[in-house]
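The whole structure should be built from the sequences, with the hints applied where relevant.
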Amino acid sequence: MDHQQEEIQDPPPEFDPGEETGKGESEAKDAKGPNKVEAEQSRNVEESVVYWQKSDRISKDLTTTRKTLVKVIGLDESFDVNFREMTYGGRKTGLFFITGFAKDNIMQEIIKRLTYLTPESLSSDALEDFFEFYIPHIQVTKAKKMSEVINKVMTGMSALFIDGEEAAIVMDTRSYPARNPEEPSLERVVRGARDGFTETLLTNVALVRRRLRDPGLKFEYIQVGRRTRTDISIAYIDDIVDKAQVDAIREKIKAVDIDGLPLADKQLEEAAVNSGWNPYPLVRYSERPDVVAAHIMEGRVVVIVDTSPSAIILPTTFFDLCQHAEENRQTATMGTYLRWVRFAGIFASLFLLPLWLLVVVHPEIKPAALSFIGPQTNAKLPLIVQFLLVEFGVDLMRMAAVHTPTPLASAMGLIAAILIGDIAVKTGLFVNEVVLYMAVAAIGMFATPSYELGLANRLVRLILLIAVALFGIPGFVGGVTLFIVLLTIRRSYNSSYLWPFIPFNAKAMFAFLFRVPVSYSKKRPSFNKTRDNTRVPDKG
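Quick note on my numbering: the sequence shown kicks off at 1 and runs consecutively.
In case anyone wonders, no lab produced these hints; they're calculated from the structure.
Just so you know, even glycine gets a beta-carbon here, dropped at the ideal spot from N, CA and C.
Mixed in with the good hints, there may be bad ones.
To be verified - Taking lysine to aspartate or glutamate pairs in the EDC-like style, the calculated list, with each CA pair at most 20 Å apart, reads:
| id | residue 1 | residue 2 |
| --- | --- | --- |
| 1 | Lys243 | Glu298 |
| 2 | Lys112 | Asp129 |
| 3 | Lys218 | Asp239 |
| 4 | Lys60 | Glu148 |
| 5 | Lys523 | Glu298 |
| 6 | Lys103 | Asp172 |
| 7 | Lys92 | Glu132 |
| 8 | Lys218 | Asp163 |
| 9 | Lys218 | Asp532 |
| 10 | Lys523 | Asp242 |
| 11 | Lys252 | Glu270 |
| 12 | Lys67 | Glu77 |
| 13 | Lys60 | Glu77 |
| 14 | Lys142 | Asp125 |
| 15 | Lys523 | Asp239 |
| 16 | Lys92 | Glu166 |
| 17 | Lys142 | Glu85 |
| 18 | Lys112 | Glu132 |
| 19 | Lys380 | Glu364 |
| 20 | Lys54 | Glu148 |
| 21 | Lys218 | Asp231 |
| 22 | Lys145 | Glu166 |
| 23 | Lys218 | Asp242 |
| 24 | Lys142 | Asp129 |
| 25 | Lys522 | Glu298 |
| 26 | Lys142 | Asp163 |
| 27 | Lys67 | Glu148 |
| 28 | Lys144 | Asp125 |
Stated by the list, open to error - Computed Cβ-Cβ distance ranges for the label pairs, DEER-style:
| id | residue 1 | residue 2 | range |
| --- | --- | --- | --- |
| 29 | Pro517 | Arg226 | 46 to 52 Å |
| 30 | Asp172 | Thr87 | 21 to 27 Å |
| 31 | Asp172 | Tyr337 | 47 to 53 Å |
Here it is, written out as structure tokens:
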């Protein structure tokens, strides 16, 4: 066979590489370099391979394969891209892998086994012999498309090309850089599991599978992003979940057409859930495998994105975002108490400051028993200005705490609390009650289990403060009404965001207000539209 016919040539004459960029053919040819060029205009690996070798099939000529890898993936330019050429049993081979992903000990065992081959060991179908007899590895597949091989190698696998064969052997030899599971910082519990999700998809799937040994537990695999090709897994229990909901979520994720998801789950949420400018989260994030497993048992759908240490739980409600794993790690009585305290903190973070400002601006609505409420002395700044400055100050301190090294965080807190707060009051810029109530509201915001919900509540509180300052009682009533209406019309995958309050469900509302003992919770929430809603079978 004439191998020269297989070599990579210039793009076909019928395709002008400068057409889409407005360049002429000569200018486009001048722009060509050893790797991707401006005139190529490839949106994905498939188009790039076809551009350089005019088809997506794997060439029989190993030299042609190497040239394709030079053009498409930057072989010989990127130091971590390797193409190790060796001869086994008289056949030339090329081992294609990414250095940082390859597990050395596995690849060494494979190579050691192949070095014992002789030409007599191989038949005319060398690829089949390698695949069936001589590669001592479990996860091995065959691929006939060059783009498929490149995509799999970019995920960490290794590919073995054999001269004269129009296919490659793909071996799962990947080993991602990963940290050990640790307790999540946002969802800590006094008693309970100390393991949390990591940035590796396989590890996170194993943590959930360890807790749910149900054979009906499914982990579907999808890739999203033309360039990042981010691995995504959809988890659910087949005989519990609403299949229509799974289909809708799957189709929305598959329909995401974007160049990449480098920020993982948050970008996927914005692309698939279409939250737009609404500040309230339509999904729940969790870094705890036990919380995720519990929601899967309820009939929810969980989306796990590679490189993210948190999982997306959907659909969700406003009241779901107000619950914490600690409530289920205590007795039903103490869990109920903790839940009510948390609800009180969330209510305070929303309405305490607007209510206080309202009774100060309109003292006629203040009951006689609350006559002590209100500033006893006037400050140099109007109350609304004080509130706005304190609001922005708390946000500034919160951001500073995130970026401050741990050894200096305590010192930063002392400076903010003692020097700034105390001196601001003593100089007459602020009144004591503004600082006090702002501190209570900030504590309520930090006590909110969902970080995203806490930030959204803080924005609503700021809007209510401005509405009270501008319009008084009508501003407060109108703002609260608009707030409830906006939450009511929100949908989380065609599910009411304020369920079970709107539409009202007495049993479900009782279960949210009180932490019901496990033995008494015999049915799964109707909100999930489960196919099997029985938790504890009736004894009869």
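Consistency of the hints with the structure:
no.: 1; hint: Lys243 - Glu298; in the structure: 14 Å, holds
no.: 2; hint: Lys112 - Asp129; in the structure: 16 Å, holds
no.: 3; hint: Lys218 - Asp239; in the structure: 10 Å, holds
no.: 4; hint: Lys60 - Glu148; in the structure: 16 Å, holds
no.: 5; hint: Lys523 - Glu298; in the structure: 9 Å, holds
no.: 6; hint: Lys103 - Asp172; in the structure: 9 Å, holds
no.: 7; hint: Lys92 - Glu132; in the structure: 18 Å, holds
no.: 8; hint: Lys218 - Asp163; in the structure: 39 Å, violated
no.: 9; hint: Lys218 - Asp532; in the structure: 16 Å, holds
no.: 10; hint: Lys523 - Asp242; in the structure: 15 Å, holds
no.: 11; hint: Lys252 - Glu270; in the structure: 11 Å, holds
no.: 12; hint: Lys67 - Glu77; in the structure: 12 Å, holds
no.: 13; hint: Lys60 - Glu77; in the structure: 24 Å, violated
no.: 14; hint: Lys142 - Asp125; in the structure: 13 Å, holds
no.: 15; hint: Lys523 - Asp239; in the structure: 15 Å, holds
no.: 16; hint: Lys92 - Glu166; in the structure: 14 Å, holds
no.: 17; hint: Lys142 - Glu85; in the structure: 19 Å, holds
no.: 18; hint: Lys112 - Glu132; in the structure: 17 Å, holds
no.: 19; hint: Lys380 - Glu364; in the structure: 24 Å, violated
no.: 20; hint: Lys54 - Glu148; in the structure: 16 Å, holds
no.: 21; hint: Lys218 - Asp231; in the structure: 16 Å, holds
no.: 22; hint: Lys145 - Glu166; in the structure: 9 Å, holds
no.: 23; hint: Lys218 - Asp242; in the structure: 13 Å, holds
no.: 24; hint: Lys142 - Asp129; in the structure: 12 Å, holds
no.: 25; hint: Lys522 - Glu298; in the structure: 11 Å, holds
no.: 26; hint: Lys142 - Asp163; in the structure: 15 Å, holds
no.: 27; hint: Lys67 - Glu148; in the structure: 17 Å, holds
no.: 28; hint: Lys144 - Asp125; in the structure: 15 Å, holds
no.: 29; hint: Pro517 - Arg226: 46 to 52 Å; in the structure: 50 Å, holds
no.: 30; hint: Asp172 - Thr87: 21 to 27 Å; in the structure: 24 Å, holds
no.: 31; hint: Asp172 - Tyr337: 47 to 53 Å; in the structure: 50 Å, holds
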